[in-house]
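> Chain residues, written in single-letter form:
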Amino acid sequence: MIVAPRIYRRVGRALLVGAPLVFLGVFFLWPVGAILGRGLSAHGTIDLSPITEVLRDPSLRGVVLFTIWQAALSTLVTLAIALPATAALSRFRFRGRGLIVAALTMPFVLPTVVVATAFRGLGIQGSLLAIVVAHAFFNVAIVVRVVGASWVSLDRREADAARTLGAGPVRTLTWITLPALRPAIVAASSIVYLFCFTSFGVILVLGGPRFATLETEIYRQTAQLLDLRTAAALSILQLVAVVAALLIAGRATGHARRQIIGSQFRHPPRAGRERLVVAIALSPALVLVGIPLLDLVRRSFAHDAAGYRHLSETPLGAASSSLHALGTSLEVATAATAIAVVLGLALATSVTRPGQRSRSARFAELFVVLPLGVSAVTVGFGFLIVFDTPPLDLRTSWWIIPIAHALVALPFVVRATVPALRAIDPHQREAAALLGARPTQVWREIDLRVVARAAGVAAGFAFAISLGEFGATLFIVRPETTTVPVAIFRFLSHPGATNVDQAMALATILMAITGLIALAGERFHRVGRTGSVL
Amino acid sequence: MLTVGNVSVRYGSTIAVDGVDLTVLDGEIVAVLGPSGSGKTSLLRAIAGLEPISSGTVRWNDLDVTNVAAHRRDFGLMFQDHALFGHRDVLGNVNFGLRMRNESRNRQIARSVEMLALVGLSGYEHRSVDQLSGGEQQRVALARALAPAPRLLMLDEPLASVDRERRQQLATELHRIIRASATPTLLVTHDLDEAFTLADSVVILDRGHVERAGNARDVWRNPGSITAARFLGVASEWTFTIHGSIEGSTVITPWGPIPAPDATQRQAWVGFRPVDLRIDRAGPVDGTVRATWFRGDHFVSEIDTAFGPLTAVSRTSPDLHSKVSIAADLDAAVVLGA
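Read top to bottom, the protein sequences are chains A and B. In this text, residue positions in the first sequence follow this note's numbering: the first is 1, and each later residue adds one. In this text, residue positions in the second sequence follow this note's numbering: the first is 535, and each later residue adds one.
Calculated from the structure, these hints are not laboratory results. Note that beta-carbon positions come from the ideal geometry of N, C-alpha and C, so glycine has one too. Where hints are given, some of them may not hold.
Derived Cβ-Cβ restraints for the label pairs, each shown as a range [said to hold, decoys possible]:
1. A:Ile280 <-> B:Arg698: 46 to 54 Å
2. B:Glu699 <-> A:Thr164: 31 to 39 Å
3. A:Ile280 <-> B:Asp664: 48 to 56 Å
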């Protein structure tokens with residue numbers, strides 16, 4: 001008697017999980033697979049010789065080694081700067097704390113090109129220092145978020161017990177607190193390592209010709225040398241490194257989840273000495289984040305704010321004005337956010353459905369974070385190769401850009417909303433059902449209510465990601481669809497004070513927009529129980 | 535009338551509920567009583583439609599509802615942890631079921647106000663549920679379950695999350711409210727007080743099957759099996775020989791003869807709850823106090839006698855290792871064929 005609704009339900013569930021997976025299959029697996037296929041297949045058979053050739057080529061081997069150790073160095077520097085700040089922010093409550101958290105976490109959503117522009121202004125471009133410091137600038141946010149979240153959920157009684165047994169503050173920290181935080185620190189480190197490993201915009205803009213990582217080398221081999229075989233081999237090496245980092249991170253966070261959720265209370269710094277310690281712990285991070293951004297804003301107003309005054313003019317040799325690029329970026333970000341949030345919510349809902357078999361759920365979750373690890377450059381180039389024939393001739397379509405951006409944002413949307421959905425007490429859904437709510441009503445009344453906040457945070461994040469996406473966009477963009485980061489890059493590639501002024505002005509505007517989004521997200525984040533996007 | 539016929543619930547190879555039959559008559563309150571792990575919550579969830587049944591039927595009057603989804607059964611359930619909707623205020627919780635039934639807004643409010651008055655929470659409409667005490671939350675959960683006038687009300691350990699000192703008062707209150715709503719009710723609990731205070735009939739569940747079912751007083755007086763008797767508080771037990779005579783078969787206990795339940799058997803199992811054995815100078819049985827516990831208004835002692843150990847109560851504290859005499863309330867003895 002209720003056969004028909006059951007069929008609808010089954011179709012609905014299939015759509016819920018199927019639509020995002022089809023999207024990922026068409027717009028991620030296919031392009032990336034095509035790139036790898038072109039590189040590695042010779043006369044219809046798989047040919048792995050490009051990989052060995054890459055490893056034998058001394059200059060390419062140098063690129064691989066540099067990628068590895070610059071990422072390691074960047075991770076260490078990030079930890080050294082971020083951990084003391086995290087400790088101060090997790091242990092103490094003081095005026096302006098929320099603002100400092102917002103300031104330290106905002107860089108994460110800043111477009112790489114904006115940050116690179118800011119650091120160029122400091123006059124350290126073209127050096128290893130610039131690369132490492134810029135990486136640290138971005139990734140302080142990850143450590144503050146991931147380790148900070150673990151810190152406040154530590155069982156305070158363990159530290160209390162150590163204190164009553166005679167351990168001083170230092171020994172309590174080293175024997176009790178740090179070991180308990182280790183999973184979070186490992187998880188944060190591996191994410192930081194991952195981002196530094198696949199960094200593109202920073203290396204391209206700040207590193208100059210002297211420094212190449214796998215990601216910039218893939219770009220050079222594909223876009224400039226048109227050597228697909230080498231590019232594919234490099235992509236595979238990168239993929240292996242990325243999956244390894246993701247597995248380590250996943251394992252560490254898996255341990256972290258088993259921690260007891262206690263109650264860690266922040267108290268105001270007591271004596272003058274404690275205040276001094278808090279100030280010293282926070283200052284490196286604040287200097288790191290504050291100086292480049294303030295300097296960027298200051299320089300954007302150089303020459304009587306010429307950069308802003310010329311925004312509406314179409315520069316020589318360009319198809320449209322900076323103002324037009326700004327409009328394009330906002331439109332693209334809106335579309336990308338809509339796609340990412342709808343598909344991400346569908347996937348998050350289907351993997352957290354009660355009774356969902358955990359293995360398939362885990363597979364879908366892992367599958368969706370894959371785009372995180374694959375170089376955006378590879379994806380962008382794959383788009384160009386694959387979507388050039390009907391029925392999917394998207395090269396001239398405006399939609400190709402928001403689709404690429406949604407692909408990059410999708411993992412973050414899923415990661416932000418899954419924990420919120422998981423946290424729903426199953427009794428809530430059952431209670432609603434017993435009061436007569438149909439499955440769709442249960443979703444609307446219970447799930448949506450809970451996930452709305454997380455989805456809001458995720459939407460803001462997706463918007464910021466789209467605004468800042470650079471690596472993939474660089475490939476698929478056309479003159480009339482130039483986005484802001486690409487425009488900034490073009491301005492910086494051409495000499496002349498006017499161009500630099502425009503780049504600085506655009507970077508400042510982009511920073512202001514993403515900063516506002518980050519602040520709004522932080523508000524949301526604090527009020528509700530949401531998953532972290534990091 | 536709810537009729538549960540031969541219902542089983544399996545999780546893989548473990549059988550949580552094993553061929554359970556039970557009925558809830560119109561206007562009746564039935565308690566399913568069992569220790570934790572006896573399968574009573576699984577049974578409740580199966581009846582609600584939240585747990586798939588591996589075999590058996592659930593019927594409402596003449597209607598088989600075994601394959602009807604939970605949200606169409608029109609059974610209300612009050613969860614042990616209340617499962618209140620934290621993102622809605624008290625009114626939003628109570629009117630939820632009415633909203634799902636597309637009742638008019640006026641009707642929703644009128645009915646919710648009526649329900650809140652019934653549970654003694656008038657004026658709480660716009661309070662946040664997070665700010666309520668445990669007892670108040672329980673009342674909101676009850677009002678929410680009753681508001682759509684379900685044909686059956688189910689309660690999962692209704693008083694488990696309430697402070698001990700308030701439990702008796704709330705049990706009485708709960709009884710009044712359920713009676714006032716005239717809704718047939720099925721509750722599951724591991725607490726004897728809760729079951730016998732609230733229920734007309736009890737079903738004792740042990741490892742997934744029904745150990746004993748019937749009128750609450752009958753079950754209390756005659757648990758039917760040794761397992762059930764022990765679960766229902768019998769703490770001292772013996773096996774005595776049955777003597778036949780012209781007046782009928784009797785069991786001779788140290789406190790005197792009791793009629794034997796089954797003349798065909800040679801031995802009888804006799805058990806007493808602690809309150810039915812008391813330290814009394816006039817008692818016919820002597821023993822030595824091995825241990826004593828203070829229970830507020832009385833003392834409970836373990837006493838070694840020539841017939842073996844027993845547990846008895848007293849008004850005053852007996853001295854440890856002192857000699858005492860024990861009297862018994864023979865009418866309260868539980869006698870089973872052994």
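> Are Ile280 (chain A) and Asp664 (chain B) spaced within 48 to 56 Å by their CB atoms?
Between Ile280 (chain A) and Asp664 (chain B), where Cβ atoms are some 40 Å apart, the hint is violated.
> A range of 46 to 54 Å was offered for this pair. Does it hold for the Cβ distance of Ile280 (chain A) and Arg698 (chain B)?
Check passed, 52 Å falls within 46 to 54 Å.
> Given the range 31 to 39 Å, decide if the beta-carbon distance of Glu699 (chain B) to Thr164 (chain A) lies inside it.
holds (33 Å)
When the structure is compared with the earlier hints, a violation turns up for hint 3 alone.
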